[in-house]
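Undergrad: Those protein sequence lines, which keep their order, are chains A and B. Numbering follows the working numbering, in which position 176 of the first sequence is assigned residue number 176; successive positions increment by one, without gaps. Numbering follows the working numbering, in which position 245 of the second sequence is assigned residue number 245; successive positions increment by one, without gaps.
These are calculated hints, taken from the structure and not from any lab test. Using N, Cα and C, we set each Cβ at its ideal position, and we do this for glycine too. Watch out, some of these pointers could steer you wrong.
Stated by the list, open to error - DEER-style ranges, computed between Cβ atoms:
no., chain 1, residue 1, chain 2, residue 2, range
1, B, Leu40, A, Thr42, 56 to 66 Å
2, A, Asn209, B, Lys150, 46 to 56 Å
3, A, Phe4, B, Lys425, 48 to 58 Å
4, A, Asn86, B, Pro67, 43 to 53 Å
5, B, Glu14, A, Val7, 51 to 61 Å
6, A, Gln159, B, Thr137, 33 to 43 Å
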Amino acid sequence: MKQFQYVRPATLKAALDVIGKPGVKVIAGGTNLIDLMKRGVTAPDKLVDINHLGLVDHQSLKDITETKTGLYLGSLALNSVVSENNMVAKRHPLLAMALKAGASPQLRNMATVGGNMMQRTRCGYFYDTTMPCNKRVPGTGCGAMEGINRMHAIFGASQQCIAVHPSDMCVALAALDATVHIAGKKGERKLPFTQFHRLPGEHPDLDNNLAKDELIVGIEIPDNNFAQNSYYLKIRDRQSYAFALVSVAAALEIENGIIKNARLAMGGVAHKPWRLFDAEKALTGKQPTEENFAQAATLAMQGAIGHGGNSFKLKLAPATITEALKHAAGLV
Amino acid sequence: MKTAINKTMPSSAEGMSRVDGRLKVTGAAKYSAEYTPKGLTYGVLAGSTITKGNIIAIDTKAAERAPGVLAVITHLNAPKVPGDQPEKGKAADAKGALKVFYDDKIYYNGQPVAIVVADTFERALFAASLVKAQYKTEKHITSLPDNRDKGFPPRGEGTYKRGTEDAWKLAPFKVEQEYIVPTVTHNPMELHAIIANWDTDNKLTVWDKTQGVKDTQGDLAHLFKLPKENVQVHSQFVGGAFGSALRTWPHEVAAILAAKVVKRPVKVVLSRADMFTSVGYRPFTWQKIGIGATADGKLTGITHEAAGQTSSYENFTEGPTGVSQSLYACPNVNTKYHLVALDIATPTWMRGPGEATGAFALESALDELSYQLKLDPVELRLRNYAQTDPGSGKPFSSKFLNEAYQLGSDHIGWKDRKQEPGTVKQNGWYVGYGMGGGMFGAYRAGATIRAKFNADGTLLLQSAVSDIGPGTGTAMVLIAAEQLGIPAEKIRFELGDSSLPNAPTQGGSATTASVGSAVYKACADLKEKFQKLAGNGATNNPDYTKILKDSGLPSLEVVSETDGGNGMQKYAMNSWSVHFVKVLVNAATGVVKIDKVACVSDCGKVISPKTARSQVIGGAIGGLGMALMEESIIDHRYGRYINNNFADYHVPVNADIPQIDALFVNKPDPIINPMGAKGMAEIALIGMAAAVANAVYNASGKRVRDLPITPDKVMA
Chain A
1 MKQFQYVRPA
11 TLKAALDVIG
21 KPGVKVIAGG
31 TNLIDLMKRG
41 VTAPDKLVDI
51 NHLGLVDHQS
61 LKDITETKTG
71 LYLGSLALNS
81 VVSENNMVAK
91 RHPLLAMALK
101 AGASPQLRNM
111 ATVGGNMMQR
121 TRCGYFYDTT
131 MPCNKRVPGT
141 GCGAMEGINR
151 MHAIFGASQQ
161 CIAVHPSDMC
171 VALAALDATV
181 HIAGKKGERK
191 LPFTQFHRLP
201 GEHPDLDNNL
211 AKDELIVGIE
221 IPDNNFAQNS
231 YYLKIRDRQS
241 YAFALVSVAA
251 ALEIENGIIK
261 NARLAMGGVA
271 HKPWRLFDAE
281 KALTGKQPTE
291 ENFAQAATLA
301 MQGAIGHGGN
311 SFKLKLAPAT
321 ITEALKHAAG
331 LV
Chain B
1 MKTAINKTMP
11 SSAEGMSRVD
21 GRLKVTGAAK
31 YSAEYTPKGL
41 TYGVLAGSTI
51 TKGNIIAIDT
61 KAAERAPGVL
71 AVITHLNAPK
81 VPGDQPEKGK
91 AADAKGALKV
101 FYDDKIYYNG
111 QPVAIVVADT
121 FERALFAASL
131 VKAQYKTEKH
141 ITSLPDNRDK
151 GFPPRGEGTY
161 KRGTEDAWKL
171 APFKVEQEYI
181 VPTVTHNPME
191 LHAIIANWDT
201 DNKLTVWDKT
211 QGVKDTQGDL
221 AHLFKLPKEN
231 VQVHSQFVGG
241 AFGSALRTWP
251 HEVAAILAAK
261 VVKRPVKVVL
271 SRADMFTSVG
281 YRPFTWQKIG
291 IGATADGKLT
301 GITHEAAGQT
311 SSYENFTEGP
321 TGVSQSLYAC
331 PNVNTKYHLV
341 ALDIATPTWM
351 RGPGEATGAF
361 ALESALDELS
371 YQLKLDPVEL
381 RLRNYAQTDP
391 GSGKPFSSKF
401 LNEAYQLGSD
411 HIGWKDRKQE
421 PGTVKQNGWY
431 VGYGMGGGMF
441 GAYRAGATIR
451 AKFNADGTLL
461 LQSAVSDIGP
471 GTGTAMVLIA
481 AEQLGIPAEK
491 IRFELGDSSL
501 PNAPTQGGSA
511 TTASVGSAVY
521 KACADLKEKF
531 QKLAGNGATN
541 NPDYTKILKD
551 SGLPSLEVVS
561 ETDGGNGMQK
571 YAMNSWSVHF
581 VKVLVNAATG
591 VVKIDKVACV
601 SDCGKVISPK
611 TARSQVIGGA
621 IGGLGMALME
631 ESIIDHRYGR
641 YINNNFADYH
651 VPVNADIPQI
661 DALFVNKPDP
671 IINPMGAKGM
681 AEIALIGMAA
691 AVANAVYNAS
701 GKRVRDLPIT
711 PDKVMA
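Chain A with its partners taken away, still in its complex shape (with noise of 0.2 Å):
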């Protein structure tokens, strides 16, 4: 690993002064970051330890809050401690599954909501320096392209990258409608959840639309009525540890025996969370049955393309839809 310089700012305005300079890395839980040093993805001059800023309008950026609509999670409140909380718990369930369906209670003791949301793909080729990949080195080729992709996308690849995003937790935002605090010198801005993280395109060395200057302060989970039936279905090698193959976020609001609502969101699948927008739509106004579910997810699965080790997602992502569904209307 490469010597660096640590500094640890006291305040959100000395933090966003350091930032966005070349070499400059922003440290939170550092669960993915310290691998990716010291496996020489990255090699910062200097780290930015986030984790002591002051008050931000009054709170903390650990705090999780209620807001006049909804639920308002400081960017560095610990994936377990928002996993933990009570009002997570009552209010949006699916959040808390997905949280706990990632990593190790280990790292969930370290990770911070912001961090979780800024991990690097876990693509074998874009941690092993020797071998080709556009995310760390563009202009490098693709190894995973031909090479072994069981892990990798379906959905919006591009000719240079088709690495996935690892998150869970991301999955649930991206379905619950979450919206993304940031800061940057000029003042906060807000963008919505699904369109933080971005496809690869030409750019796969970006993972995302947060300016190198700006930070994470928080997520702002607006109220809903999906608690009594929603699920988060994680497909994987192992029961815990391992990253998803497929995974889907299902809520389903239902009244009277009719889907009044519905949020569809999967992850393993694709540069960003995966949200199901045709599939929402398709469930509206639908009974709960196995058959709408299986056909809303026959929807989603339009415009899938199998890379030849990850082919297998083309069958397993339908069915995990479905499962998911049916475990969120207590078909299961």
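We have chain A; now place chain B onto it with these hints.
TA: Positioned in the frame of chain A, the structure of chain B alone reads:
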């Protein structure tokens, strides 16, 4: 083990707890990487980034200039290893391992091309990243399936025949299928590590992760042309090895060479990624089995072919087809075993070497046959039960496998199994049962014990054996306690030091049988000496401390040696096991959950019930990993492992593991040694993968013949 053991071993119905348990769970146990000799320096290896070819230039200037760096050693400046074979161009050293820093040739991706030594680990690691080699690459091959046509028989082995060749083809009921066991990496929790120090120009001390301090001493003495007594090997604790520390590897020689150059102790700890290329693995093996039976389930023939991978510079052989020769009474058996030399590092023995691979194929094929015959798989095995060794005709020293079948069936609830697959469903999950058996040769080697009984009533036992985790010290203490009739708390067993009396390497499930026999004899010799000392006062229950006191002696010592046992050649000697598994399968998503496991071992008398149980559970979990998730994946375009870390190489975690019940027939073997104890480490794993695959089929109707059984292979 230097700490007193009293008060650390709560006894229970399960038996005595391990003598080193407290040291291990409190972190007080010192592993090889944890020693800090004065002037310690740190070595980090830089590995080749190509798979085959030559180094044409290696730039070490930046590394040499980096802060704290003491030396950068490559093939251009490395000291010679005096015991290396002199022939130019020969890749393997006198012990068969790759010669490190020997010349410019690259035989596998990740092969060490340099070692950087610095005053801290971090500085060495950074400097190692600055070593830049240029290569001339040659076309490489790393895939066994793509190169099976290049197979060759290992020297002196490979084929076996009794009766008629391919007799299975004429049977009314038959199965012919291919099975794949992928490369599986040992991945013990403790990384391989060595600290090497030259005490003088011809005296070497190493703290080294090894399964055999005496073997390591012999290897290093040979390689560096030193008298054995000038090589001191310490290996007090080993954090799991599973076979990976059975031999001397290039990183060990590299550390010793580096210590020679910097004239200070050098520590080398492999990275997790290094573990995939530096210390062996279970070789990728293709197998084909043809098996036939009469309508009443009598086997008529087995044909078992296997092709396993090895490196280009060394032939590694194991015995995957052995189980087909010996597990069942079958008149006609022919087997063929080939090696395929690939541009990869040499494989090595891994828990149940050969048998674990072979048993997956044989026990899967037998299961497939049972469905054709519409016969219960246990009953099929009982109808072909071998009462004598089918190959040699010799009697078994002991075999109670039929009792093991019964114990396991009862325990798992085998009567609830339905012969028709995919017919039992609970809460949306298909339920299935499977079983698979295993066998492994029961071995015993010579060993020596020094036993010293002190006036304070304590007994010290010493032997140069290693304890890689099974609880060797515990078992030896229990043998001595029983033989001398003294409390276990009074006994201490010292091991892991090459200056102690001779003992075999810990491998092949032979330690208790071998070293235990020596402990048994040492106790008998001590007793005899005490009785002589007591003279006319001798009784059957002598008071040893009183005899010492009466004789005015501070202690009494014996050095007792045992051989590998007599008269054994008249017998076929094996340990036997059978695993029963209940699984739940989600047919839509392909997820397999292990619901219940019962492992039954017929390993003679159980010496230490609690550690034996732990060892079976550990082996069973290793078997579940092999069955469901373990696979070291190479991108054959580059010849590099793509999942060489613990996030991507999956071993079972707690959430994957249900209750595992370890059951023992617990009947002494009358031949192998006076205790009647046979080995049990290997059989705890052998047969498990097939048991899982068979259960998955019984649950879902999906037969998976290429391990691991991941969701994509099971889903509808």
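Undergrad: Does each hint fit the structure? Answer for all of them.
TA: For each hint, the structure was consulted:
1. About 30 Å separates the C-beta atoms of B/Leu40 and A/Thr42, a value inconsistent with the hinted range of 56 to 66 Å.
2. Checked against the hint of 46 to 56 Å, the C-beta distance between A/Asn209 and B/Lys150 comes to roughly 52 Å, which is consistent with it.
3. Range check, A/Phe4 to B/Lys425: about 56 Å between beta-carbon atoms, so the 48 to 58 Å window is met.
4. Judged by the Cβ atoms, the range 43 to 53 Å given for A/Asn86 and B/Pro67 holds: they are separated by roughly 51 Å.
5. B/Glu14 and A/Val7 have their C-beta atoms about 54 Å apart, which keeps the hinted 51 to 61 Å range intact.
6. In this structure the hint that A/Gln159 and B/Thr137 lie 33 to 43 Å apart at CB is violated, the actual value being about 26 Å.
The earlier numbered hints that this structure contradicts are 1 and 6.
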